[in-house]
Structure formats: C-alpha cells, structure tokens
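Start from the sequences and build out the full structure, keeping to the hints where you can.
Residue numbers (my numbering), protein chains in the order written: chain A, 4 to 430; chain B, 952 to 1447.
Where hints are given, some of them may not hold.
To be verified - Straight-line alpha carbon distances no greater than 20 Å define the calculated EDC-like cross-link-like pairs of lysine to aspartate or glutamate that follow: (1) K1044(B) x E83(A); (2) K1307(B) x E1078(B); (3) K1249(B) x E1076(B); (4) K1044(B) x D27(A); (5) K1307(B) x E337(A); (6) K267(A) x D282(A); (7) K1122(B) x E303(A).
Hint data in this document are derived by calculation from the structure and do not stem from the laboratory. Note that the structure is predicted; figures quoted are calculated from it, not measured.
Spelled out, the chains give:
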Amino acid sequence: MLARIGVPTIDALFACVPDELRLDRALDLPTGRSEQEVLARLGALAAQNVDAEGTDWFLGAGTYAHFLPSAVDALISRAEFYTAYTPYQAEISQGTLQAVFEWQTMMCALTGLDVSNASMYDGASATAEAALMAIRITRRNRVAIAPGLHPHYAQVLRTYLGGLGAEVVRVDEAGPPALGDDVACWIVQQPGFLGTIEALPAHAEAAHAAGALLIVTVTEALSLALLQAPGDAGADIVCGEAQSFGVPMAFGGPHLGFLAGRQKHVRQMPGRLVGETVDTEDRRGFVLTLSTREQHIRRERATSNICTNQGLCLLVATIYLALLGRRGLRELAELNLAKAEYAKQCVRAHPALDLAHDGPTFNEFAVRVPGSAPAALARAREAGAMGGLDLADAAPDLGPAVLVCTTELASRAAIDRLVGALGGDAG
Amino acid sequence: MKRNAVRGLAYEEELLFEISRPGRRGADTPALDVPAVDAGLLLGELARDDVPGLPELSEVDVVRHFTRLSTWNAAVDLGLYPLGSCTMKYNPKVNERVARLPGFAHAHPMAPAEQNQGLLALCFELEQWLAEISGMDRVTLQPAAGAQGELAGIMMIRAYHERRSDAARNKVLVPDSAHGTNPASAALNGYDVIAVPSGTDGILHPDAVAECMSGEIAALMVTNPNTLGLFESHIAEICDVVHAGGGLVYGDGANLNALLGVSRPGDMGIDVMHYNLHKTFSTPHGGGGPGAGPVGVKEHLAAHLPTPVIVRDGDGFAWDHDLPHSIGRLHGNHGNVGMLVRAHAYICALGAEGLKRSTELAVLNANYLLARLRGHYHVPIDRPVMHECIVSDRGLAETGVTTMDVAKRLIDHGYHPPTIYFPLIVPGAMMIEPTESESLEGLDRFVDALVSIAEEAKTDPETVRGAPHHTRHRRLDETRAARRPVLRWQPETDST
Chain A
4 MLARIGVPTI
14 DALFACVPDE
24 LRLDRALDLP
34 TGRSEQEVLA
44 RLGALAAQNV
54 DAEGTDWFLG
64 AGTYAHFLPS
74 AVDALISRAE
84 FYTAYTPYQA
94 EISQGTLQAV
104 FEWQTMMCAL
114 TGLDVSNASM
124 YDGASATAEA
134 ALMAIRITRR
144 NRVAIAPGLH
154 PHYAQVLRTY
164 LGGLGAEVVR
174 VDEAGPPALG
184 DDVACWIVQQ
194 PGFLGTIEAL
204 PAHAEAAHAA
214 GALLIVTVTE
224 ALSLALLQAP
234 GDAGADIVCG
244 EAQSFGVPMA
254 FGGPHLGFLA
264 GRQKHVRQMP
274 GRLVGETVDT
284 EDRRGFVLTL
294 STREQHIRRE
304 RATSNICTNQ
314 GLCLLVATIY
324 LALLGRRGLR
334 ELAELNLAKA
344 EYAKQCVRAH
354 PALDLAHDGP
364 TFNEFAVRVP
374 GSAPAALARA
384 REAGAMGGLD
394 LADAAPDLGP
404 AVLVCTTELA
414 SRAAIDRLVG
424 ALGGDAG
Chain B
952 MKRNAVRGLA
962 YEEELLFEIS
972 RPGRRGADTP
982 ALDVPAVDAG
992 LLLGELARDD
1002 VPGLPELSEV
1012 DVVRHFTRLS
1022 TWNAAVDLGL
1032 YPLGSCTMKY
1042 NPKVNERVAR
1052 LPGFAHAHPM
1062 APAEQNQGLL
1072 ALCFELEQWL
1082 AEISGMDRVT
1092 LQPAAGAQGE
1102 LAGIMMIRAY
1112 HERRSDAARN
1122 KVLVPDSAHG
1132 TNPASAALNG
1142 YDVIAVPSGT
1152 DGILHPDAVA
1162 ECMSGEIAAL
1172 MVTNPNTLGL
1182 FESHIAEICD
1192 VVHAGGGLVY
1202 GDGANLNALL
1212 GVSRPGDMGI
1222 DVMHYNLHKT
1232 FSTPHGGGGP
1242 GAGPVGVKEH
1252 LAAHLPTPVI
1262 VRDGDGFAWD
1272 HDLPHSIGRL
1282 HGNHGNVGML
1292 VRAHAYICAL
1302 GAEGLKRSTE
1312 LAVLNANYLL
1322 ARLRGHYHVP
1332 IDRPVMHECI
1342 VSDRGLAETG
1352 VTTMDVAKRL
1362 IDHGYHPPTI
1372 YFPLIVPGAM
1382 MIEPTESESL
1392 EGLDRFVDAL
1402 VSIAEEAKTD
1412 PETVRGAPHH
1422 TRHRRLDETR
1432 AARRPVLRWQ
1442 PETDST
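If you want it as structure tokens, here you go:
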C-alpha cells in the first residue's frame, strides 16, 4: 500500500503535520485491554450504581422506570439499524425512513397535532427549540413559563435563549395568566413537575388572547395515552421527552426528545422530517424532506443547528408503541394511574404523611414527610426502595417533601413498604 | 472483478397502520394488584377515551415488520460505508454489551451521587482521557451531539468575552469549507457569520484570516483536518493571529480520527473543541444518532463550563453546581451517558497504542484510495491527505454523468455512497472516508467498483444515470416530497 502511495513509511504520511505540532510522546492513557478485561473493568464500575432492576423504584422526575418488552432490544440490536447513519441515501435507507414516518404518524395521534419531527436530543432541548420556533413564528422575544416546568428544562431554556437576547419569565400565579403582547409563547408542562394535571383549554385561551403560542411540554409521555391530546386542547406545539416509550433510563441519556406542531408552522420546525414520495416506477417510498430548513443546506439561516439526533431511541419508541398498540398503551396508562391512586390512598391514610396537592395526578405526586426528606428517603433505602426525589430544591415551600412516582413496576407490597418507610414506621 | 453483492431475499412490507387488525396486541401488562380506577370518572374532561391512530398488532407482526424493514438499510456491519466526515468505523460488540449492564442501563440521573459512584467515576475518567487525547484542560460530557457541543463552545466563548467586558464582538469567522453546523451554531448564539476563503491549496492561510480580523470578531471556527481531508498546516500561526486580535479559536472535532496520538488540537492553539464520540470513538451511529459531543476547553474557559461538573469528593465523586460564571445547564440530565460508556470501553480496549494505530491505518487507507483513484476521477486538490480524500465528477462532464449518478450506481455495486456535493467549495465533490476498519482487499474492491463506473459512464452513460437498478426502490422523487409534503399516514377517506 505504501509503495502504491509512493511513501516509504506510514510516518511519512504525516509529513503535512509540522514537526512542532507532532506529539513527541505516547498519549498518557492506560495500555490496551482484552475484551475480557474490558468487561471486568466496566462491570466493576457498573456494580457501584443502584439500578432499577434490583430495587423497588419510585424515583421519576422526568426519567421513568418502565418495563421494557424483550422484542424491543432484540429488534434494535439488528446491526442494519444501529450501524447505519442518517438516511441521506434514501434508496438504501428505507428501513430507517419508514420507521421514522411511522413514528411521526403515531406522535401526531398522541399529541393531537399535524406534524411531528424525527426527534430532538432530549425533552429539555426540545422545549428550548420549541420556544425558538415560537419566537420565529411570532417575531416576539419573551418566553413565559409556568411553575410546573421541570427545573432542568427551565435552566436549559435559559441557556439556549441566552445568546439571542430573548428573555425567560416565570409566571408564578396558579392557573392561566394574563400575558403581555410581547410574549411569544406560554410554556406549560403536563402533568407538571409535581405531578398535577392542568386543564389545558384555559391555558390555550390565555396564550391565544395575547397572540402567543401555547407550548405544552410532556416529560411522562405515557400520560398522552390517557389525558386529553394537547393539540385538541389548543396547544400549538407539543414537545418533551418520550423516554417512557421503551428507552432505558441510562443515567439520563440517550433519551428521546420529541416536537410536534401544526401544518401551518412546518417550515419553522427544527430537526429532520421524513415525507412520502414515489420512485421512478411510481412505487411508494420515503425520503428526508423540507431540508431547506436545515443547517446542511441553509447554514446560518437554518431553523436549528441540530444534525445528528436520537435516531435509534426513536426506533425503540416506534417499536414499543407498535407492540403496546392502541389497547395496550391505554391499559398501561390506566395501570399507572391505578397504582398512583392506591399509593395516594395509603399516604392519605398514614397519620405522619400528607399529600402536597389535592388535584388530579397521573403516576407521580408530592408527599409531605415528617422530619426531613433525606431521612425519609434513607428509611426507604433501608426498606429496599429508591423512594423518590427530595423536593428541597424544586419546591422548598412544601417543607420536607418527596416526589413519588409509581409505574407498572411498583407492586402493591412495595408501595405499602414505601409508605411505611416514608412515614417512619418501625421496619 | 469480484461482485460485492448478489440479489437475495427482498421482502415487501406495508406500514404498521396498514397491517393493523382490530383486537391484536404485541405486549401485555401485569395483573392489577390494586383497586381499578375509572379514568373517565376520576379525570372527567381532562381524560381522552382512546388513541385511535395507534396500530393493533401481535408480537410476531411487529417483529417481522421491523426485521423486514431492517433488510432495506445499508449499514457498517454489511460493508464499507465511506461517508466522508462521518467516520463510519466498525462498532465493537463489547460496547453494546457493556452499555446494557443494569448498573449503567437502569441507573437514574437524579438519584443521589453516592448511589451512582461507578458512573461518576467512569465519566470523570473519560473526561480526563479526552483531555489528554486532545491537549485540552477540562471536559464537559453534557452535549448530546457535535452540534450541541458547538453551541456550548460558542456560548463559552461569548461568556469569556462578556466577562472581560469585551462584548462588542458580534461576529464569528467560519471557513468556506466548514460543516453547516458551524455557521448554524454561531447564528443560534446571535453571532453574524463571516466566511473565510480557503487558499487554492485547500487550506487556510494566516493572511486570509488576518484580513478578516477586527475588534468585532469573537472567534474562528476551524476543522482540522478540514473537510477536504487536508491538515491545516498553518493552524498554529492562524491561532496566533486570532488570539492577537482578541478572538478565540473553536475546533470542530469531527475529523479527530486523523490525529489520535499524532497531534493534539490543544497544542495547536485551539481554545475549545468538541469530540464526536460516534465518529472517533466507535459508538454506533444508530440510523441518525444518538451521538455524543463532549467539549474540551483550555483553563481560561473552564469557569464557563456547563453546570454541573463532576469533582473529586474524598475517595469518591460529587456534582458541583456552584459555578457562578457557567453558561448554565445544556442537557436535561448528564448527556448521552449510554454513548459515554461505549466510548470509555473503546478507549479502554485500544489504549494509547491502539488509538494511534487506528489513526495511522485510517490515514493509510485514505491515501491508498486516493492513489488508486487518481487518473480515473478528477482530484481537485492533489496533495497527501489525512483520513479522507475528495474526488469530483469533473472528468465525466462529457458523458453527462454526475456525482449523484456515480453515487447511485455505487449502490448497485453494494456500497453506501460517499458524502456528496460537500464540501461546497468543490463542485460535484465525492468525499470518501474509508476509516481504519477496511482491509486492503475491501479497499481494492471498492476502487474497482468506482473505476468500472467511470468506464461505464463513457460506454453506457444511460445505465449510470438511471441507477440504482438493483435496489428495492429506484431513484426517489425528493422534489415531489418537498412540494407536496406528506409527513404522516392517514386512512383513505371515502371521497363520495
């Protein structure tokens, strides 16, 4: 090979790198290891984390422990899916493209909107991109957020908007506010970070009265199977996190941001879109489309800088939704609701515990605990449970409180143990 | 010439919604062990009755559906995937196994740090390794992909200037050969973008950069090696020019696979850069992600890193949220950790020597391809390349065959085409990146295919222009898709 190239050594191939920029030592990294040794080393690190397979799990707060059907991982482990890249060459990417088209269709059904894109990085950046989209559509640059927005999402929103001179204002009053005519969008999380469900039509009315868009952010996508479709309630953009659709928690990523909107706004949407077309023999096929919105064509005038997105996580969710389907997803959502209602009943019945809110919830709710939240969670740990999130940072006004999530993984016995532990019952 | 592919089983498969049959389902739910709840009664108008748009399928239906779909994809595990600047190298299987360990796959990002010490240790170590590989001082693992890394990097540059009360800088320099994400990331930060022309030798020259420098320039974004596969030999001097003018230099790490153990961006004068773990560090591309785009910075930018950062805490590790000059949080959690785990396993397996060897072989393969293609295809800038090479369709002009046709004809030979029509400064560019994963025989077969297409363009141009001929679909009408967008399936309505 060197002879064909016409150089004497491999080193000579690097003659274009000036000597003073050549690294004159070996990198200070460990020496290479065999596969067996790699597995042993990483296995030891994995063993130092508490995982939802070996523990009763009540911690949600935007990342949810759900049961993962075996067929999902089996299918996404096909190398034809996971070792391919962005489907630029449509004729040899129809597998990926058709799956994305199916995802877009199902997300339209779940959100009640006309168009869904082919994923964003995560729920937080999807919310930030939705706000940027609203700023482009309304040509206004104030973004108003409801108190129920996940605190991390609010932080990411501020980070994203920081360079553009746009302002993020948090409206602390409960219920739909009166918004000024300089507001681009009103962002409401459904259910809210503390689990409570909002009546969306009133929020849509408030936003539209001010000429703003209503953005509904969803962190627990399973709730979409049970709650009024946000699009039907008047939302203009629905975005958030679809990790609940079969994607492992994986310490917070990779997860699956989604974003859906109305047909009239499609040219302002960020991210990839797949559309139907035909080939030269008039057979149906799918392609990446409306790319003139995107960075590789439009460069500094693109609707977003996103390129690589969360393709394989989208495939996970598409397979998951196909498996559960119309009846299964509904049944699963009802099961989550029933577990939470049972757990709330137990909390109400416990003399030392109290629910922080009276209103309706889905699978997550805040519980006031006696003494301190860390102590309550430590008791839960002793009882074999990850008991929830200490709300000291997110909702200090509640006093000692814990955000508890009950999915289909929580058995009645585990819920009983958790409530006892949080309440300080002797084990 | 040996054929790379013959025609085999080729299945048809409708959409999920078309094969749906009422009453079927592919996954069950556990028995209810708590009292049942009537959602309609409990939630009233807040609830919906049904999601009629979801399909109804058995597990076998779903498994066959997606297995059949998978057979319509090209993939690295099927063969050479020479997509330039995407580094489609082999993805070791041990990475997948490691990422699925319960302690990684089922850990929660908001559990207390003391219950995730293994993950914090892994992330901390990966930060240190990436810093050593690139010559940077500190690393954040939050960005979920290269473009989000660029966004973070440019935000840190803005924060740096603002902290020095040097906020008049409102423009970013981007070479005309840059990836589209560079100008888009700068614009998303409110910067105007100024294009810097490359020289006729395909690389940037200090004079051209100096001419663009002023008190308005916040940064230069540069990819090294650049998208022509050429090492920016004047990079150190260029960084000096930008620094002397008060600007900073952003390094796009998309092409880092050419530099491992050979040269380090931090030693060239780069202030901040991203790494594409899905390119250089072998995490799979997933049909379009997830990737991971960690960002490395020099010490003078460390105060602006996204929050939180991992710090040592006694014998263990903790999250530090107290960073008053941070650009803020960039990701809802800690980044695409599943990808970080895979990259960690890759560096662990290869070690210092293995990483350097991978770079050497990647550069050897690209130069070998160029040497064999010279004479068959026009080489716009004929210089020794790093990890990828560029040819164009200029020599085929008389035949009417274009780069698009060559790309589609390659599909008939069983290859994924190279990146085409990029970089924009080379008309009809084909950007070929073989990576270190290919053997000599594999490279020879690929060149044979390209050479035969160049000959076919002269003898039978219509066959080339009508390609692909052997795929499930013939050439797809992208114009129609954009003009009349159909972005979801809808049941056919009765038109009467």
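We went through each hint and held it up to the structure:
1. K1044(B) x E83(A): Between K1044(B) and E83(A) the Cα gap is close to 14 Å, so the pair holds against 20 Å.
2. K1307(B) x E1078(B): holds, 19 Å
3. K1249(B) x E1076(B): Given pair K1249(B), E1076(B) holds - Cα atoms ~18 Å apart, limit 20 Å.
4. K1044(B) x D27(A): violated, 33 Å
5. K1307(B) x E337(A): violated, 54 Å
6. K267(A) x D282(A): violated, 27 Å
7. K1122(B) x E303(A): holds, 12 Å
Against the hints set out earlier in the document, violations occur for numbers 4, 5, 6.
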